[in-house]
Structures are given as structure tokens and as C-alpha cells.
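Got chain B; can you put chain F on it based on the hints?
2 protein chains.
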Amino acid sequence: MSDWKDYLAQNQERFDSELLNFLRIPSISALPEHAKDVQQAAEWVADRLRKAGIENVEIMPTGGHPVVYGDWLHAEDKPTILIYGHFDVQPVDPLHLWTNPPFEPTVDGDRIYARGATDDKGNMFVPILAVEAVLKSQGSLPVNLKFCFEGQEEIGSPELSVFLPKHKERFSADLAVSADAGQFSETEPEIMVGLRGICGIQIDVKGAKSDLHSGMVGGTIQNPLHALVQLLNTMHDQHGRITVDGFYDEVVELSDEERAAIARVPFDEEVYLDDLGLEQTFGEPGYTTRERAWIRPTLEINGIWGGFQGDGIKTVLPNEAHAKITCRLVPNQNPAHIVELLQAHVRANSPRGVTVSTTVLGTRGKPYLVPADHPGNIAVSDVLRKLYGMEPYQVRSGGSVPITGIFMDALNLPTVALGFGLNDENIHAPNEFYRWSSFHKGQQAYCELLNRLGETEGVA
Amino acid sequence: MSDWKDYLAQNQERFDSELLNFLRIPSISALPEHAKDVQQAAEWVADRLRKAGIENVEIMPTGGHPVVYGDWLHAEDKPTILIYGHFDVQPVDPLHLWTNPPFEPTVDGDRIYARGATDDKGNMFVPILAVEAVLKSQGSLPVNLKFCFEGQEEIGSPELSVFLPKHKERFSADLAVSADAGQFSETEPEIMVGLRGICGIQIDVKGAKSDLHSGMVGGTIQNPLHALVQLLNTMHDQHGRITVDGFYDEVVELSDEERAAIARVPFDEEVYLDDLGLEQTFGEPGYTTRERAWIRPTLEINGIWGGFQGDGIKTVLPNEAHAKITCRLVPNQNPAHIVELLQAHVRANSPRGVTVSTTVLGTRGKPYLVPADHPGNIAVSDVLRKLYGMEPYQVRSGGSVPITGIFMDALNLPTVALGFGLNDENIHAPNEFYRWSSFHKGQQAYCELLNRLGETEGVA
Numbered sequence: 001m002s003d004w005k006d007y008l009a010q011n012q013e014r015f016d017s018e019l020l021n022f023l024r025i026p027s028i029s030a031l032p033e034h035a036k037d038v039q040q041a042a043e044w045v046a047d048r049l050r051k052a053g054i055e056n057v058e059i060m061p062t063g064g065h066p067v068v069y070g071d072w073l074h075a076e077d078k079p080t081i082l083i084y085g086h087f088d089v090q091p092v093d094p095l096h097l098w099t100n101p102p103f104e105p106t107v108d109g110d111r112i113y114a115r116g117a118t119d120d121k122g123n124m125f126v127p128i129l130a131v132e133a134v135l136k137s138q139g140s141l142p143v144n145l146k147f148c149f150e151g152q153e154e155i156g157s158p159e160l161s162v163f164l165p166k167h168k169e170r171f172s173a174d175l176a177v178s179a180d181a182g183q184f185s186e187t188e189p190e191i192m193v194g195l196r197g198i199c200g201i202q203i204d205v206k207g208a209k210s211d212l213h214s215g216m217v218g219g220t221i222q223n224p225l226h227a228l229v230q231l232l233n234t235m236h237d238q239h240g241r242i243t244v245d246g247f248y249d250e251v252v253e254l255s256d257e258e259r260a261a262i263a264r265v266p267f268d269e270e271v272y273l274d275d276l277g278l279e280q281t282f283g284e285p286g287y288t289t290r291e292r293a294w295i296r297p298t299l300e301i302n303g304i305w306g307g308f309q310g311d312g313i314k315t316v317l318p319n320e321a322h323a324k325i326t327c328r329l330v331p332n333q334n335p336a337h338i339v340e341l342l343q344a345h346v347r348a349n350s351p352r353g354v355t356v357s358t359t360v361l362g363t364r365g366k367p368y369l370v371p372a373d374h375p376g377n378i379a380v381s382d383v384l385r386k387l388y389g390m391e392p393y394q395v396r397s398g399g400s401v402p403i404t405g406i407f408m409d410a411l412n413l414p415t416v417a418l419g420f421g422l423n424d425e426n427i428h429a430p431n432e433f434y435r436w437s438s439f440h441k442g443q444q445a446y447c448e449l450l451n452r453l454g455e456t457e458g459v460a
Numbered sequence: 001m002s003d004w005k006d007y008l009a010q011n012q013e014r015f016d017s018e019l020l021n022f023l024r025i026p027s028i029s030a031l032p033e034h035a036k037d038v039q040q041a042a043e044w045v046a047d048r049l050r051k052a053g054i055e056n057v058e059i060m061p062t063g064g065h066p067v068v069y070g071d072w073l074h075a076e077d078k079p080t081i082l083i084y085g086h087f088d089v090q091p092v093d094p095l096h097l098w099t100n101p102p103f104e105p106t107v108d109g110d111r112i113y114a115r116g117a118t119d120d121k122g123n124m125f126v127p128i129l130a131v132e133a134v135l136k137s138q139g140s141l142p143v144n145l146k147f148c149f150e151g152q153e154e155i156g157s158p159e160l161s162v163f164l165p166k167h168k169e170r171f172s173a174d175l176a177v178s179a180d181a182g183q184f185s186e187t188e189p190e191i192m193v194g195l196r197g198i199c200g201i202q203i204d205v206k207g208a209k210s211d212l213h214s215g216m217v218g219g220t221i222q223n224p225l226h227a228l229v230q231l232l233n234t235m236h237d238q239h240g241r242i243t244v245d246g247f248y249d250e251v252v253e254l255s256d257e258e259r260a261a262i263a264r265v266p267f268d269e270e271v272y273l274d275d276l277g278l279e280q281t282f283g284e285p286g287y288t289t290r291e292r293a294w295i296r297p298t299l300e301i302n303g304i305w306g307g308f309q310g311d312g313i314k315t316v317l318p319n320e321a322h323a324k325i326t327c328r329l330v331p332n333q334n335p336a337h338i339v340e341l342l343q344a345h346v347r348a349n350s351p352r353g354v355t356v357s358t359t360v361l362g363t364r365g366k367p368y369l370v371p372a373d374h375p376g377n378i379a380v381s382d383v384l385r386k387l388y389g390m391e392p393y394q395v396r397s398g399g400s401v402p403i404t405g406i407f408m409d410a411l412n413l414p415t416v417a418l419g420f421g422l423n424d425e426n427i428h429a430p431n432e433f434y435r436w437s438s439f440h441k442g443q444q445a446y447c448e449l450l451n452r453l454g455e456t457e458g459v460a
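Protein chains in written order, with this note's numbering: chain B, 1 to 460; chain F, 1 to 460.
Next comes chain B alone, as it looks inside the complex:
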């Protein structure tokens, strides 16, 4: 038995209780009133890194929410690994659908319910503990390590594309390992070979100078809600295909081999629908459900509002209407270019009688691809094969981790994923949870990965 296994076993109770403390910090990056909580989470992470034996720990200002840096650089002639995760979380609305308060972690058997439990606090805490276990039990680490933990992932890491190039040397490494990731199932591992990118805009429609009486003026002027509905309806056809000019121009169509690799990953559409509580899928014709989620771009309205939302009725003709839209992007779509196409579409399709404006939302992440035969993915695969007793599936994700694109752009750094989230854990939704079993398995996996990466001179 390796020493790190003993260390993990002897300290697990303390680690578990520390996770619950971490989850109590309401570090919602999207809401300005929670900025101090994001800062507090950064301080918690920095303290915890120091306790694990990490050196040069620093909370670095970015212009937005901070980044926590730390390193251990005493493994001569060994590669340098940058470990990534995020300590910010999603907003909690609709709050009334939570069974327990989102920032009072509630344990129920194997499950820990809390906002951020799986995305990403539980998963990002795992490598810190693994590093502590290896360092304290072996006396040193088999690789050089750097940490980049951020507090703005849930708003699209808006500052990092400026921040990281400014600190290129500090963050330079051979390979990034992202702890913002998942398992295929509790018993099946995966490696991540592709992520979708993201970008978004807000649309604001303005009519008269104040809200009006729907009887007095109704029928004589453009209703901003009608204008918004008409505009939004120009963005898809009835089958769900996006009708923004040029939107698909840069999309790489996959080869038959690549589509076959996707088809080999188990997927039960019936279970998928049952989990969602739906009777049918819906989406762009010509692609499977998995392909729609993994290799096809989307344009989703995330929010819409205007006029009266209370009980009963208010016969108002409102003077404002709003919508938030994000697009998931695939290789080789460029977020900045897609935002321009969206804005051009809004300009070209704005109904008359109102003023329509757009704001770029702080989210631009490039789509990302790391082949399965990349040395980093090979190392991760070796660890997972040993731990689960089977070859990991090569998956993609419909989600976005903007940082992967930024690491590549700013630091020429490829990213592989090693995380332990599972699909049913309600990320971005009420009653988010994480599993103790994932938390514990993850610590072992990271210990094994550190040792496995130490066996090679270079991984990039």
C-alpha cells in the first residue's frame, strides 16, 4: 500500500468536513452583491493550498473576481502541470425549488446537497487534497505543480483572456489538468476530447417613454413585447435550426469515423428523456441527440422579461422588453465573430416602431479539442483504466470551460480533464449535489496521476 493511501484514509474525516465549510461560502460570481463572497472563497482556497504544502500562494487581482495561484517547483527535469478549477458558483434561483438552503450543505447518504457541490467546489478541492497526501507522505512531489483557481468561470472568465497573457511566465506549464470535469458513470470513466465554446448578448427593446394603458394606445403603436417576440422568432426555424446569417459557416463537419466514435459512447435516449421529465427530444434535423449536444452549435434564450409578471392582470402596454441569449460554439466558430453575426442579425431584423439595442455579455469561450492520443490524455487514460478496470470513453461535452481556449491562446497550453461530477447532479439547477464516493475516488485518481505524470519527461 502506498503511503498516500494511508494519509488519505487517516485524514478523510477532516477533508470531508473541510468540503462542507467550502460549500457554505455563497460565491455567486454573476451577482455583484456576492463579490465579497467570491473573494472570501478565494481566501479559503489560498489558505487551504498553503496548508497542503503549496508555496508562493497568492490571491491575484484580475480586474474582476480574483485568481488564486500557488506552486511547488522542486521536481527537477520533470514536467510542470497546471491544475485548474473554479471556486465561483451559479446563482440559485429559483430558490423555492431547493429542498434545503443552497449554502447550508445537507448530507443525505452518499450525497452532499449544495450550490457548487459538484460544479466545481467538490471537484476542485480533490487535487488539493491529493497533492497534500502525496507531498506529506512521500516528502516531495513527482512533478512540478502550479495551480490556477479562478472565481469567474460561471460568468465566462471575462478577465482571464487579458490577465493570463500578462502573467504568461508565472502560469507557463507543459500541461493543464482541469478538475472541472466528470465521470461517464459511477463505474465508467471518460476522457474529454472536446468542449463547446460560448458567447452571448442581451437584447433590449425600448418603446414609448413610459408604460402605457393598453386600452388607450393599444393597436396604435408597436408593443415592445411583440417586437421582441418577432425578432427572437427570426433566429430559429420551426425545426430548431439557427437562421442567423453565416452562423454555421465556420462549423467543421465531422468525418464518418468521428461520428462513429461518438455513436460508440453509450447513450440511452429513453433514460435521458426520463431524467429530464420529457416525452421527446427536439433539435436540428440530420443529427443524433448526442451530436446535437456535442458537435453542433446552439442559440438559446436564457431569459426573457417585460411588462407585468404578478398575479392577476394589469392592462399595461409596457415600454421595455428584454432577452438574454447565449450560443454554444463548436470548432471552428469564433465567439467574437458569432457575437458580430448576432448583432448584425438583430439590426437587420428589428421591427419598426421601437428601438432595439444589444449588449455583449461577458462570456466568450472558444470551442476546444484535445485528441485522445495526446500524451496528457494518454496519462489520464492510464490512471482511469487502472482505477475503473476499463478503457475510458472518448467523450465531448456540450458545456463550455472557456479557460481551455484561453490557456491555449495565452499560454500555448493544452488541457486535459480529470473530474468526478456525474450527469444527474443538477448542475446550474436547484438541488445540486456531489457524491462522497466521487470525492474519495477523485483523491486517489489525482494521486495516481501525479505519480504517472512523474514517470515521463514531457507531456506536451
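Just to be clear, a hint being listed does not mean it is correct.
[To be verified] Have a look at the derived ranges for each label pair, beta carbon to beta carbon:
| id | chain 1 | residue 1 | chain 2 | residue 2 | range |
| --- | --- | --- | --- | --- | --- |
| 1 | B | V265 | F | T359 | 36 to 44 Å |
| 2 | B | L95 | F | Q343 | 45 to 53 Å |
| 3 | F | N423 | B | D424 | 54 to 62 Å |
| 4 | F | L97 | B | A260 | 33 to 41 Å |
| 5 | F | Q343 | B | Q280 | 19 to 27 Å |
FYI, nobody ran anything at the bench for these hints, they're computed from the structure.
The beta carbon of each residue, even a glycine, is placed where N, CA and C say it ideally should be.
Okay, now just chain F, sitting in the frame of chain B:
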């Protein structure tokens, strides 16, 4: 000089201060949490009627907000007039656009700013004061009087179509005079010959069993916001004509003479747009702006909501979307039938992949018409001609006073209007106000009208 003029002059200061007290009651009928305030307003009105010398005053339960009744029935062989108004008010949102708190009436020169100042508390208080002045100064009234003041006008008087037939005898009269009405301008009078009706529904779209991550499932299932947008967009063409099957079938097209009468009423489109802060009108082709407001039906979205409405971004694929819709109706559209057409349209046009349901909102008022040569309108015209020195314009309103249709259906009672609101007074909007000059002129007009109606044996 008539005695009532002296009485008004001597008591005006008191009346003015009473109006401010009335405006302090936040009697918002649409919001359940304000039900007790609507009740308090009813008690205020009942007390005030008693002080004016009205008999048999009673707060009558309706199943919803109450009705205040009172009478004075000692004018033998004279007609019985039912005076109508409402003491409930609209909600106040968006609150941040009010310069002063909506229920702390603020006087600025001739203006009294408060929610309900002109719609309808200021206007409904006027006939009470006129009756007091005539009764106290002349010792008796020239006509028999009944009062019907309600607390549910702003939610479409949902209970009254059941309540009034139950109390047919109590409310029977020869003519109703509605104080929920306006002047053409400060120097020009009008009589009201037509009102639009109203009905409405709420549309609720339901998708998955919880909010979802727009990356994980985006592109694979129907987004309820997309479905709602698509559905709502089927209800109008691009020019603003309503495309709900059968919607226009019962609409009476006006004769050339009737359209000419409308064209004779002064209307300055430039001033209209300037007041609204808009550059262009918008609406059904083939009709003038005034015709679109007065004699054409509408379908307006009054509110829409779903998903994330906060600052920044939340990459959610929400599982609910909602909209509130009301229609303004013209002769001979039937509110219940139009609601059925709306529901059928929703059923026929619901996108697949979501569940769409509708709720009938508590608003159904028939469109209404009282010819200019009706004896009631002739009496009102006589009073206005004397007071303003010109023939009143024959106008219609795009708004709805559901009670007029209910009075006709339940009591076979025609309604004429005598009120003193003006178009710029921000009804249903922030910074609603009323004018002291209207309040004082109105009291004179009602004193004159009581005496004028006393000169005739029958007005119906």
C-alpha cells in the same frame, strides 16, 4: 347664484384635503396582499356617502372585492340615476420610475400626484361632493339616486356579472352615470358613445422537470422560451393585424358616416407621438390611428417572463415560460367567444416538445355603445355645453369599463359618462396625477347634471 355653488366654495378646502386622504389608501385590486386596503377604501367611501346625506349605505360582499351601495329615493315621479365609479387602483410597478411614493399624494401646482388620482378616485369622489352640496343647500335632491362604487374595476370586475343580477332590484335605475371618464381637453368637453371590451388569457409553457444547463442539453430539447416566442409570434402578422382564426368575424365595420364623425374629432398625430416619446405609429393597415384605438380590436402581450432576469449571465435552459395577453374588443365581439378562439389558437399552434396550457384571466367586459342622441347623452351634452361654451365631441375610448356591459346585461341599464380625467395624466403608469381644476369643475358639472336630470320625467 345657486346655493350649491356657495356650499362648494365654503367647503372646498375640506373636500380637497379629504381627496388626499382617499388617495393614501393603497387599494390595489390585482394584488392579493392589498385586499385589506381595498376593503379599507370601501369603508372610507361608505363613511363619506353617509356624511354626504346618503341613506342605506352598505358595503356589500361580492365573493371578491366589495361593492359600496347607497341611495336617496325621495324624489317622487323623478327618474332614478345610478352613479358609478371605482375605488380600486392599478399596481404601481415599476416603482423606481415614480418621482414620489405612489400612495403619498404630492401636490405640485394644479396637479395631485398619486396612484389612482385620476383613475378613478378623484373622479369618483366628485359626484359624492356634488350630491352633498345640492342636498345640504337645497334640502333635497332633484332626482332619485343610487350609488354603485366597486373595488374590482382594474381587474375587470370579475364578480359583478354574478353579483348584480342577484341584486337586480336594489340596483335598478333609469340611467347609469359613470364617473370613470374624462374631458376631451381642459377647455373642450366630450360625451362617450363607445368603449372597447376586454378579455384575456395567461399562457404557461412547461418543459423539463427542472431548469437545465444550457450547455449539457442545449440543442437537444425544446426550450420553453423558444416555444413561447414561436407561439406568440403566430398571433399577429408583421403589420400588426391579428392572425387568430375567426378573431375579426363579428367585428362591425363602421359606415362612412361613422368614420367621418370620428375624423371630425380633433387629433394631432405629431402631438400624440411626442407625448409618447415615439417616432412612428404602428398598427393594422387600412385604419387611422384613432380608428385603431377606438373601433378596431387588439391583442396585446401585457407581460412575458421566463428564465434568468438578473445582471450578467446564467447559462440556464429554463423549464418554464409565461405570457399574459389581453384583447380589446369592439361591437359585436363577445369576450367569452374570443377567449375560446385564443385558446383554440394556442392549442393549434403550440410547438412540440413542451406542454402549453392557458388560464382565463378574470377580465371579460363587453364592448359598449350608447348613441349620442340617447336622452342620457343629451342631458350630459346640455350640461357640458353650458359649462364649456361649446358642443361636446362625440368620442369613443380604446379603454374598457366592463361595468357598462354588465349594467346593460344585468339591469338593462344604459350608461353615460361624466368624468374629468385628461389624457396626459399617466393612468396605469408611473406618476399618475389629477388636476385640482378638474376636481372643482367636476363638482359643478355634477350639480348641474342632477338639476338637469330632475327636469325630465324619464331618461331611459
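Next item on the list: For the range 45 to 53 Å, tell me whether the beta carbons of B/L95 and F/Q343 fit it or not.
Entry: Since the Cβ atoms of B/L95 and F/Q343 sit about 32 Å apart, the hinted range of 45 to 53 Å is violated.
Checklist line | Outcome of range test on Cβ distance (B/V265, F/T359; 36 to 44 Å) | finding: 43 Å, holds
Next item on the list: For the range 33 to 41 Å, tell me whether the beta carbons of F/L97 and B/A260 fit it or not.
Entry: For F/L97 and B/A260 the Cβ distance comes to about 59 Å; the hint is violated.
Notebook entry, point to check: Is the hinted range of 54 to 62 Å satisfied by the C-beta distance from F/N423 to B/D424?
Noted result: Given about 58 Å between the Cβ atoms, the range holds.
Item checked: Whether the CB-CB distance between F/Q343 and B/Q280 falls inside 19 to 27 Å -> 23 Å, holds
Checked against the numbered hints above, the structure violates hints 2, 4; every other hint is satisfied.
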